[in-house]
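Kindly generate the complete structure, drawing on both the sequences and the hints.
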Amino acid sequence: MNPQGKIHLVVCEGEDDRRVMQALADHAGIGKQLRFEDYANSGNLRAYLKALHARPEFASGAIVSVLVTRDADNDFNQAWQSLRDAVNGVFAVDLTGPGAWANPPAGPRFAGWVIPGPGQTGMIETLCLEAAREQNRAVFECLDSFMDCIAACQGSRPHEKARFHLWTIVAQGPGAQDRLSLNRALSHMPPDWNAGTFAQLTDVLRTAAT
Amino acid sequence: MISTLELQNFRGFEGIRFEKLGLANLIIGGNNVGKTSVLEALVVASGSSEQLSELPQTFRPEPSMTNHSQSLDYWTLLAKNPSSEIWVSTNDTVTTTATINNGTPNITRTNTRLSVRNYNSHLSGHLVLRQAIGTVKDVGPLSIIGPGQADPVHVSKLYAQVGPLDPDNELRIEELLRKSIDPRVRRLRYAKSPDSSVELIHVDLNEGRMLPFNLMGQAFVRTIHTYCEIFGTRPKILLIDEIENGLYYEGLEDYWRGLLEVLEDQQVQLFATTHSRECMEAAHRAAKARTEYPLRFLRLDRRVDDPAKIVATTFAGEEMQTAIDSNLEMR
Chain G
44 MNPQGKIHLV
54 VCEGEDDRRV
64 MQALADHAGI
74 GKQLRFEDYA
84 NSGNLRAYLK
94 ALHARPEFAS
104 GAIVSVLVTR
114 DADNDFNQAW
124 QSLRDAVNGV
134 FAVDLTGPGA
144 WANPPAGPRF
154 AGWVIPGPGQ
164 TGMIETLCLE
174 AAREQNRAVF
184 ECLDSFMDCI
194 AACQGSRPHE
204 KARFHLWTIV
214 AQGPGAQDRL
224 SLNRALSHMP
234 PDWNAGTFAQ
244 LTDVLRTAAT
Chain P
12 MISTLELQNF
22 RGFEGIRFEK
32 LGLANLIIGG
42 NNVGKTSVLE
52 ALVVASGSSE
62 QLSELPQTFR
72 PEPSMTNHSQ
82 SLDYWTLLAK
92 NPSSEIWVST
102 NDTVTTTATI
112 NNGTPNITRT
122 NTRLSVRNYN
132 SHLSGHLVLR
142 QAIGTVKDVG
152 PLSIIGPGQA
162 DPVHVSKLYA
172 QVGPLDPDNE
182 LRIEELLRKS
192 IDPRVRRLRY
202 AKSPDSSVEL
212 IHVDLNEGRM
222 LPFNLMGQAF
232 VRTIHTYCEI
242 FGTRPKILLI
252 DEIENGLYYE
262 GLEDYWRGLL
272 EVLEDQQVQL
282 FATTHSRECM
292 EAAHRAAKAR
302 TEYPLRFLRL
312 DRRVDDPAKI
322 VATTFAGEEM
332 QTAIDSNLEM
342 R
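Residue numbers (the working numbering), protein chains in the order written: chain G, 44 to 253; chain P, 12 to 342.
These aren't lab readings, by the way, just hints derived from the structure by calculation. Be a bit skeptical, because a hint or two may be false.
What the hints assert, rightly or not - So the derived list for chain G, only partly shown, Cβ under 10 Å to chain P, looks like this:
(1) G48
(2) K49
(3) E80
(4) D81
(5) A83
(6) N87
(7) A90
(8) K93
(9) A94
(10) L95
(11) H96
(12) A97
(13) P99
(14) E100
(15) F101
(16) A102
No residue lacks a Cβ here, since even glycine has one placed at the ideal position from N, Cα and C.
Listed below in structure tokens is the structure:
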């Protein structure tokens, strides 16, 4: 909530997305202007939006903007269409394209965003990995080769979260307690928030904060 | 059953509309946002002339004032804009309008066939039916349970009506009390204590002596009052202000289970106010157990950009479940 009591809401697919976007917004100096919430997984998006529509902050007009995000996973177009249908189904607001704000006659303005970015496949981990690649080229050459090898042996690519998990080996200690999830990795090996891969997401968060 | 309720120029409301109402409707919202005013509007729309006359004292008792002066103030403040008419509509078919002149109301109910009932006050301040043209099909009769402690004699007299109407309902009240309030309850009797001049409900807790029910605590009195209103007066609508009053939060779900079961089989529509998140969640859990989800939440909010403006939101089980799962505040 900003000092005027107006809420600029960023809706994230899960806890990992929420924590990464909150950290990115903090780095960009807009963290206090935004409120981040998550809907646990993409299957819950419509139910979350229906509950949002019934919440006091919505009815009272305290929420002035809503940026709805989700991961592209393996199909950007399908993810975008699903996000767009959910927003349209609950709020009767038609989103024309990622990052474009719709201003309905009443209620908050809405935008949608699919991570990692327009036309791309992947998820929030994809952005974090790409941000780390520049400074860790040697490690990523090994990692990419290893993933290619597994894909060839198994006939399908391992999940992006598996690739991220392998990357976190670089920073984790010997014990089970030292293994890093994305959430814990944020504090042990924070991504380079200034990397170009975060530029689009930072820009869309800036538009949500104003 | 009332499926839509619209109010204009009523107390703090410029204009609000609730749609898709349920068998049980829980009115929620912040302080001083008009929850009790919705109950008052239902009395204006469906109450008897006696209930209309008593309305100034029903939900807002102020013992320091005389009934007459309080009544004048009450009716004077009923319209948000005193120079305009008050308007209450149920199901878009029965419209109640009220005008207040010098603190006295003139209330007219009209249905779509232009049948009319007009109530206005005579010298003693009581509202009486002055004119009846055709038949205005009331959604009532209604019963009212206010926020304070009920009069034990009144509740006991209601109980005395339950058995003659249907003896099984006496047993049912005992069973409902055992389930939701006190498992020790063996039976109830309408009787006079040797040291008392009035007849009251007495409770057998298998402790050798039956106790007057009003010594059993607020939750017990309120619960028995609720069932006596339903089984003793057979209303179509039941209004309860601050329904959670006196109920311990661990017993709320059992209370709601019993209440929803009775509302359903007696076909009584409930409108109740609450401040309590625990009460909302308990009502939701109990409602989920019914074949058809009977509960609606009616919330009132002040607009942040215009705090004088109050808006209404209705939602049901899906939204409430998501809010519980995600720990979201819906009050």
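Hints versus structure:
| no. | hint | result |
| --- | --- | --- |
| 1 | G48 | holds (6 Å) |
| 2 | K49 | holds (8 Å) |
| 3 | E80 | holds (8 Å) |
| 4 | D81 | holds (8 Å) |
| 5 | A83 | holds (7 Å) |
| 6 | N87 | holds (8 Å) |
| 7 | A90 | holds (5 Å) |
| 8 | K93 | holds (5 Å) |
| 9 | A94 | holds (4 Å) |
| 10 | L95 | holds (8 Å) |
| 11 | H96 | holds (8 Å) |
| 12 | A97 | holds (4 Å) |
| 13 | P99 | holds (5 Å) |
| 14 | E100 | holds (9 Å) |
| 15 | F101 | holds (8 Å) |
| 16 | A102 | holds (4 Å) |
Checked against the numbered hints listed earlier, the structure breaks none of them; every hint is satisfied.
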